[in-house]
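Sequences and hints are given; from them, build the entire structure.
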Amino acid sequence: QSTWGVLILLSLVQSSHHPVTPCKLKFLCTGRVNNIFGINNQNKIPVMAEDELCVQRAGQYSRIKTLLSLPIPPATMFIVGDEDSGKDTVVKRVIQDLQITNTKINLVTHYDAKLIYQTVAKLLDKSYSKVINNANDLVQLARSIQRDRVIRDPHKMIVIIEETQRLINLTGNPLMILLRLREYSKLNITVIFLSELPPHLYRCLFPPPICIPFPPLNRTQIDSILTADYSNYSCSSEFFNQFVHLILSIFFPVTKSLRELRFALQRNYSAYREPVDKGELSESNVSKLWRRVESRLRNSVQNVYLRTETVLEQNSVVCSNTDPIIDDDEPMTSSSFPINKTQRITRSSLLDLPYYSKFLLVAAYLASHNPVKSDKRFFLKHHGKIRKQKARKQLKVKTQALQSGPKLFTMDRMIAIFYHLLGEFLPINVSIHQQIATLESLRLLVSMGTDDKLTVPRYKSTVTLDCIRKISHNIRIEIDKYLFNFLEN
Amino acid sequence: MPKIKGKSLKTLKHVDKHAHKPNCNAEEIKSKLLSRLCDPWQLPREVPERLRPVYSRVTESVRSAVLDGENNSMLIVGPAGCGKSLALQLAIRDATAEPRVSENLIVVELNGHIHKDDKQAAVDGSNQLELQPSDNKAKSASDKFNMLFSTIRQADKSSRKAVVFILDHFEAFAAERRNQHLLYNLFDVTQSQGAVLLVLGLSQRLDCAELLEKRVKSRFTNRQIQVPLVLDCDAYMDLVGELLIVDEEIVWNKAVSCLLTKEKVRKSLINLFHQSNTNIRFIQNVLVASVCCLSEETPFLDENQLVDIIGSQTPDYSGMLLSNLSMLEMSLLLAAETLDQDSEGFNFEQVFRAYERIVERFSGSVQWFPSRAVLKAFERLARLRVIRPVDGFALGGGVRVRKTYRLYRLMVDTVEVHSLLANSPGVTTDLRQWALNRLSSQ
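In order, the protein sequences belong to chains A and B.
Here my numbering is used: the first residue of the first sequence is 1, the next is one more, and so on.
Here my numbering is used: the first residue of the second sequence is 1, the next is one more, and so on.
Rather than coming from a laboratory, the hints here were simulated on the basis of the structure.
By construction, the Cβ of each residue, glycine as well, lies at the ideal position given by its N, Cα and C atoms.
Incorrect hints may have been included.
The list that follows gives simulated cross-link-like pairs (lysine-lysine, DSSO-like), each with its CA atoms no further than 30 Å apart [to be verified]:
(1) A/Lys470 - A/Lys381
(2) A/Lys186 - B/Lys32
(3) A/Lys358 - A/Lys407
(4) B/Lys403 - A/Lys396
(5) B/Lys30 - A/Lys65
(6) B/Lys376 - A/Lys130
(7) A/Lys130 - B/Lys144
(8) A/Lys470 - B/Lys376
Facing chain B, according to a computed beta carbon distance under 7 Å, are these residues of chain A, among others [stated by the list, open to error]:
(9) Cys54
(10) Ile72
(11) Pro74
(12) Ala135
(13) Asn136
(14) Val139
(15) Met176
(16) Pro198
(17) Ile210
(18) Pro253
(19) Val254
(20) Val304
(21) Leu306
(22) Gln403
(23) Glu424
(24) Phe425
Pair by pair, the computed Cβ-Cβ distance ranges are [as the list claims (entries may be wrong)]:
(25) B/Ser295 - A/Ser284: 45 to 53 Å
(26) B/Ile250 - A/Ser62: 28 to 36 Å
(27) B/Ala175 - A/Val456: 23 to 31 Å
(28) A/Tyr128 - B/Glu28: 37 to 45 Å
Printed below as a string of structure tokens:
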């Protein structure tokens with residue numbers, strides 16, 4: 001399906017003669033491909049929940065509405081709120097109700113100041129043919145428009161800027177130009193900033209915009225918003241209310257994010273509904289339904305935020321477009337696998353390295369995680385006497401090592417350990433340096449330090465213990481014998 | 001405005017009598033006030049006291065430039081929002097009120113942040129001066145630049161008009177360029193015989209004259225005028241009153257003066273005064289927000305609403321932020337806080353071990369979650385700017401270091417964390433007691 005989508009997109013791109021910017025591509029994607037494939041956007045809020053959200057934010061809604069319905073609205077407005085607090089929904093609803101010309105600029109697609117100015121220019125004059133490269137061109141355009149129109153033209157225009165926190169890092173300081181857009185362009189433009197960060201974290205917000213904070217939603221509000229879209233699930237509202245209460249009681253201590261809760265609802269609804277559909281239990285038998293679903297819910301809480309998918313669920317309609325996430329390996333002896341046996345794709349199962357590369361990888365891990373002095377003890381046949389460290393000090397050293405991450409090692413140390421692990425001689429056609437380069441390109445080894453050819457290169461291993469265990473099990477090395485942390489002294 | 005107690009009581013009674021009479025035309029007052037506060041193109045009729053020195057000097061220079069042909073250059077400095085552009089616009093408006101002056105004056109406005117290149121500035125300058133390109137050779141930008149200045153220099157006496165160059169964000173012309181070509185030429189013309197040129201620079205930096213190159217600085221007459229901000233609390237109150245008073249609306253004005261004497265309103269206004277660094281724009285925002293709620297049913301400003309609006313302009317963002325954290329995130333924050341004594345910062349592994357210790361200690365209140373979910377909650381904390389990575393938010397360290405080993409620091413105060421725990425509703429008693437103990441011991 002996705003390959004067809006890509007082909008169609010490419011043909012569309014080729015057919016247009018103008019250069020395609022990311023925002024245009026995004027428009028093409030969402031516009032055409034959605035219609036063709038009927039892909040539903042998981043994060044899009046269903047309509048009834050939108051209404052409920054506006055109801056919950058009635059105070060902010062009315063304030064924004066009174067401000068925007070003035071003949072000359074305030075020059076800039078700054079709306080602060082966390083990601084799902086409804087600022088986008090409310091602002092768009094107000095603008096829809098008031099029917100004002102507007103344009104939305106999302107700073108993910110408009111990653112450069114030039115793109116921002118171009119979109120604003122399009123708002124001012126759709127048929128402007130010259131290219132806008134910087135703020136100067138934009139101001140010239142605005143001035144030419146102003147000369148043509150009556151000066152106090154009541155025609156209001158609004159520019160909405162989403163994800164304003166990305167403006168902090170942009171070169172050219174478009175934030176300052178946007179804050180003073182009305183002053184420079186001499187037109188009746190209002191700029192509304194939607195931001196997740198509060199204004200004091202921005203370098204210099206001057207002239208200060210009118211701030212409208214969207215405080216986080218509390219539990220009752222989230223409850224009413226979640227229960228509002230029961231019609232999508234084709235069940236009665238009381239049944240859905242009960243389910244929402246259950247979900248909230250389990251998931252609320254972990255996350256207050258609206259989209260995660262909604263995702264959990266979607267995921268677990270069919271399992272909850274199953275006994276009722278089969279006729280085993282009635283709708284109102286909440287305690288028994290709860291008992292059936294409890295263990296599954298508790299397991300899925302442990303996967304909150306992670307959109308992992310099971311093989312069973314891949315075939316179901318409800319969540320048809322999540323990609324499998326490549327998980328880190330789980331410790332092999334743990335029993336924390338969810339009940340419906342997932343065939344999770346773990347990193348070690350993806351790694352299909354040649355035989356000698358696996359040895360190199362294990363050698364790299366050992367070099368990273370063992371202190372240099374212990375090499376003598378592990379890898380030499382006749383090590384000398386080893387003085388015991390005091391138990392407390394040893395424990396401290398071990399925990400420090402665990403927590404501060406992998407350390408740098410030189411390439412020759414790794415090669416020495418590699419030869420020891422191998423135990424035999426390498427055949428002639430095997431090139432170690434080639435394999436090290438492969439490992440580095442796979443980011444299993446990361447090289448730090450200079451690219452200088454005179455110094456020995458230093459590397460760091462980025463693989464987890466569990467992955468290494470699986471690999472070493474594969475090549476029949478007992479990794480525990482070589483690890484410093486597992487020394488039994 | 002009279003602030004004597006006896007008189008204000010009388011005005012209170014006066015207002016009460018008139019409150020039900022439809023004398024006060026709310027819509028008209030609203031539109032007048034909004035046009036004063038919101039409309040960027042309407043200038044006040046009188047010059048405010050504070051801006052008088054600047055105003056008079058600029059008017060003087062403009063008139064002498066036009067009438068006597070005197071070249072001059074001046075720098076107007078002052079903190080952001082103190083009224084430099086306003087004073088300048090008022091001065092030019094009043095100077096051009098005279099027909100003799102307006103006929104012989106051209107104003108060119110350049111801005112340091114818009115015209116980032118000297119060439120762009122020159123092109124815009126020549127457009128504003130409406131210079132016709134004499135031949136096709138003047139196509140490239142540097143040619144236009146040269147042509148602009150040669151035209152200015154060579155203007156002959158009979159048709160000579162005075163040109164005023166207003167350079168906004170002057171420090172951007174001086175600091176952010178490769179060379180100060182434009183400034184050099186401008187100041188050179190002011191020192192030479194030919195044209196009549198007045199250069200007025202506006203800047204927020206008090207030391208922007210130091211940014212000039214030696215040769216530019218020598219051509220600049222070191223005239224600087226400083227515009228002060230409103231510094232006094234009483235002056236601030238007066239200013240608020242001035243902003244709200246409408247001519248010939250006695251009832252409204254009395255209501256306003258009565259409102260401003262109330263304790264609650266005074267307190268919150270003083271709060272705003274201190275928080276906003278005495279800048280006027282903040283109070284303008286507040287007044288816009290409150291005035292736009294006026295209607296026939298509520299013809300006067302309500303004190304509670306005003307206090308509310310002032311409060312919403314300066315809310316406690318970190319309190320809002322911290323109250324949005326779930327139980328898991330709060331316990332992570334606690335864990336991070338116990339580790340923060342380490343000067344280099346903490347990474348996720350350390351926080352996870354500390355979190356496991358907390359789970360053991362408060363086993364009833366805090367639930368255990370596997371490290372995958374906890375990592376995502378940790379990243380959410382970073383996104384909310386509760387903790388920050390030591391090497392900055394851009395992806396710099398992300399490629400070299402594994403995510404779980406990246407170092408972070410706390411961005412919120414330990415006192416805030418503990419008081420959040422103590423006051424949050426969903427927290428169990430043992431955690432709350434522990435937080436209170438830590439608070440009291442600090």
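Violating hint indices (sorted, rising):
Those not satisfied are hints 6, 9, 23, 24 and 27.
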